[in-house]
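**Student:** From first to last, the protein sequence lines stand for chains A and B. Heads up, the first sequence is in this note's numbering, so the first residue is 2 and it goes up one at a time. Heads up, the second sequence is in this note's numbering, so the first residue is 2 and it goes up one at a time.
Any given hint might turn out to be false.
Because identical chains share one entry, a pair is satisfied inside a single copy or across any pair of copies.
[To be verified] Calculated pairs, DSS-like style, for lysine-lysine (alpha carbon to alpha carbon, straight line, at most 27 angstroms):
1. K88 to K192
2. K162 to K192
3. K93 to K220
4. K192 to K220
5. K93 to K154
6. K93 to K24
7. K91 to K181
Think of the hints as simulated: they come from the structure by calculation, not from any bench.
Number of protein chains: 2
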Amino acid sequence: MSKREKPTILVVNDDGIDAPGIKVLLEAVQELGRVVVVAPDSPQSATGHAITIARPLRLNQVHIYPGVEMYKVSGTPVDCVKLAVNKVFKGKKPDLCVSGINHGLNHSINVIYSGTMSAAVEGAIEGIPSIGFSYDDFSYDADFSGCVPYIKKIAAEVLEKTLPQGTLLNVNFPKTDALKGIKICRQANAKWAEEFDERQDPHSNPYYWLTGVFQLNDKGEDTDVWALNNGFVSVVPVQYDLTAHHAIPLLNTWNLDV
Amino acid sequence: MSKREKPTILVVNDDGIDAPGIKVLLEAVQELGRVVVVAPDSPQSATGHAITIARPLRLNQVHIYPGVEMYKVSGTPVDCVKLAVNKVFKGKKPDLCVSGINHGLNHSINVIYSGTMSAAVEGAIEGIPSIGFSYDDFSYDADFSGCVPYIKKIAAEVLEKTLPQGTLLNVNFPKTDALKGIKICRQANAKWAEEFDERQDPHSNPYYWLTGVFQLNDKGEDTDVWALNNGFVSVVPVQYDLTAHHAIPLLNTWNLDV
Chain A
2 MSKREKPTIL VVNDDGIDAP GIKVLLEAVQ ELGRVVVVAP DSPQSATGHA ITIARPLRLN
62 QVHIYPGVEM YKVSGTPVDC VKLAVNKVFK GKKPDLCVSG INHGLNHSIN VIYSGTMSAA
122 VEGAIEGIPS IGFSYDDFSY DADFSGCVPY IKKIAAEVLE KTLPQGTLLN VNFPKTDALK
182 GIKICRQANA KWAEEFDERQ DPHSNPYYWL TGVFQLNDKG EDTDVWALNN GFVSVVPVQY
242 DLTAHHAIPL LNTWNLDV
Chain B
2 MSKREKPTIL VVNDDGIDAP GIKVLLEAVQ ELGRVVVVAP DSPQSATGHA ITIARPLRLN
62 QVHIYPGVEM YKVSGTPVDC VKLAVNKVFK GKKPDLCVSG INHGLNHSIN VIYSGTMSAA
122 VEGAIEGIPS IGFSYDDFSY DADFSGCVPY IKKIAAEVLE KTLPQGTLLN VNFPKTDALK
182 GIKICRQANA KWAEEFDERQ DPHSNPYYWL TGVFQLNDKG EDTDVWALNN GFVSVVPVQY
242 DLTAHHAIPL LNTWNLDV
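Okay, chain A solo, but in the shape it has when bound:
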């Protein structure tokens, strides 16, 4: 970006264009550049890195907040990023992509299920400096105000400095009145032990609601879960190269010839 031009900032989320979290996020970054919002027209939580290929997409400009350029998309968060780059920015990539603020945390293994984080991952794949933001409160009336100074600071720093090639940031905020600052972390080793709530429909056929119990398998004090449990904002650098490079030498000792 030329030093003289105002940076362009793509704002996306997975809770939908009318979610309170995205309003807080777009207002937090408005002083840093020209904001364009491209977000799903319906809730898209837990859609991961899904894209829409079996049906066409709608992209429509909407006027929700005065003076803010906004578009709603009938697809997933990743669809939003792709449509933003191609149809809204017309190939001239934005200088920053911010996603969120998610209503609910996206620490540890949740990154892989999260539409919020997948949008930021797609931004990074596009070569755009990208950050996902999530807050530990699922409620519609969540008070995001404590997140705002950190969002401004982190976004400004990412705009000014350079994230390593192929990486983005996953930022989570604990619900506390007294944030202790920021910790750079790794993703905690954790999983969801799924449970299904089995019910019967009026025709006596079973159906299942996915639920689950969070299992933390990590006692490290360098993880996002530890940071959040101790009142810190967690910042995890994330990568989208999924190669387990460390496993290649071992596999080369296996005999897989037929």
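Given the coordinates of chain A, assemble chain B onto it according to the supplied hints.
**Tutor:** Chain B alone, transformed into the frame defined by chain A:
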């Protein structure tokens, strides 16, 4: 698993329970253990790691191939793995999870969009040794026969040996009559330059079909794309810890205090 018991093998895919690829896969691994198929009741390509939380799921036993225990699920490939572990295997995890054979390749960046690979990733998160298989032919009548000896060999090796903690395998087959063997690879650095086919509906409103052009940004001869282009079966070890560990020291030099 006890040496005396027959291994249990979960077979899943993203093309749907009636896809030819899953039939080839389940038949290929049948001699290795007791096969249970849990697969989507409709095509779920490119659904990534999406899970279904906003509506309930159906799980119903079906009888498609004689003697094969099969269930169809009204959800995503990852939902299938979760329902299989919890409701079909009732918490006693299978000894192996195989996903595919996908109609179409899942090399390089495609891992992150692929329902086939996301099912295998979910298997690995569950602690199940897991492998995704994909073949370079999208057609319904694809001839998967060349894949079969490799599938048997790789699945047997994974059952016998131990994949490193937190990893799984991504196996892709090129379309050739003369496979040259297996290459252990890293995921090639590539992306999709999205394009949208813009059309007008009968009411003169625009809609968009997602398409794209594959961009390979990697000249390495140690990548899956190189292997496939040169007639080899590519085997990439994949991990689901998305932390960019190498970026942590740099981020610790940034001033993110507010």
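**Student:** Now look at each hint and say whether the structure bears it out.
**Tutor:** Here is how each hint holds up against the structure:
1. K88 to K192: Cα proximity of K88 and K192: across copies only (18 angstroms, versus 37 angstroms in one copy).
2. K162 to K192: For K162 and K192, only the inter-copy Cα distance (24 angstroms) is at most 27 angstroms; the intra-copy one is 33 angstroms.
3. K93 to K220: between (44 angstroms within a copy, 26 angstroms between copies)
4. K192 to K220: within (14 angstroms within a copy, 36 angstroms between copies)
5. K93 to K154: within (25 angstroms within a copy, 47 angstroms between copies)
6. K93 to K24: Classified as within; 24 angstroms inside a copy, 45 angstroms across copies.
7. K91 to K181: neither (41 angstroms within a copy, 43 angstroms between copies)
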